[in-house]
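Residue 171 is where the sequence shown ends in full-length UniProt numbering, and the numbering goes up by one at each step.
Check each hint, because a few of them may be wrong.
Subject to a maximum C-alpha distance of 30 Å in a straight line, what follows is the list of computed DSS-like cross-link-like pairs (lysine-lysine) [as the list claims (entries may be wrong)]:
hint, residue 1, residue 2
1, Lys86, Lys144
2, Lys86, Lys141
3, Lys96, Lys86
4, Lys58, Lys96
5, Lys141, Lys167
6, Lys84, Lys98
7, Lys58, Lys144
8, Lys34, Lys96
9, Lys167, Lys34
Label pairs and their in silico Cβ distance ranges [unchecked claim]:
hint, residue 1, residue 2, range
10, Ile150, Ala38, 20 to 26 Å
11, Asn159, Ile11, 37 to 43 Å
12, Ile7, Lys121, 50 to 56 Å
13, Lys98, Asp48, 16 to 22 Å
14, Ile11, Ser54, 50 to 56 Å
15, Gly33, Ile11, 32 to 38 Å
FYI, nobody ran anything at the bench for these hints, they're computed from the structure. Just so it is clear, the structure is predicted and the values come from calculations on it, not from any experiment. We treat Cβ as the ideally placed atom computed from N, Cα and C, and that holds for glycine.
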Amino acid sequence: MKRLPVIIFAILVVFLVIGLTLKPKEIPSPFIGKPAPAFELGILNQSDRFEPKSMLGKVWLLNVWASWCTSCREEHPLLIEFSKQKLVPLIGLNYKDKDPEAIEWLKELGNPYDFSVVDAKGKVGIDYGVYGVPETFVIDKAGKIVHKQIGPLTPEALNKDILPLIKKLNS
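Based on the provided sequences and hints, a complete structural model is requested.
Listed below in structure tokens is the structure:
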């Protein structure tokens, strides 16, 4: 009986060590390798509409953002620089936002997007499994989600994960 606390302590130490080796910010997405959910939404500040099926045959990025999102402001300069490279279409999904605020935000900070679609009620975000903004999805030529970046894009994530993936998918 005297060994029981020692055994329990040893088991807890093993779980602690295993837990420390995990990456808590990496949340696996059940959507990876599956078709991107279909939707049809209006384009911000335009009368046109957009459906992901119109992107079949192209690799593209879907970046979920909002004018009220502090982290979106943090990643925005990186998106501006990325968009200048014109590697793939960059589509914004303006999430649970008001059009005037979103339009003003893009005027103030610059608009990296080919265009942004309006998800005012957040339904499309839910369909994509969005935990919170910002999030970025890489979608392949067949319309499948191949990568999901949770949180703001960083130079490291862009250079280590997204750019090599885009290059591979476009080759």
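Hints versus structure:
1. Lys86 with Lys144: holds (21 Å)
2. Lys86 with Lys141: holds (16 Å)
3. Lys96 with Lys86: Cα-Cα ~27 Å, so holds.
4. Lys58 with Lys96: holds (27 Å)
5. Lys141 with Lys167: Holds. Lys141 to Lys167 sits at ~12 Å (cutoff 30 Å).
6. Lys84 with Lys98: holds (26 Å)
7. Lys58 with Lys144: holds (11 Å)
8. Lys34 with Lys96: Distance ~25 Å between Lys34 and Lys96 Cα, so the pair holds.
9. Lys167 with Lys34: holds (20 Å)
10. Ile150 with Ala38: 20 to 26 Å: Holds, at about 22 Å.
11. Asn159 with Ile11: 37 to 43 Å: holds (40 Å)
12. Ile7 with Lys121: 50 to 56 Å: holds (53 Å)
13. Lys98 with Asp48: 16 to 22 Å: holds (20 Å)
14. Ile11 with Ser54: 50 to 56 Å: Holds - the Cβ-Cβ distance for Ile11 and Ser54, about 54 Å, lies within 50 to 56 Å.
15. Gly33 with Ile11: 32 to 38 Å: With Cβ atoms ~35 Å apart, the hint holds.
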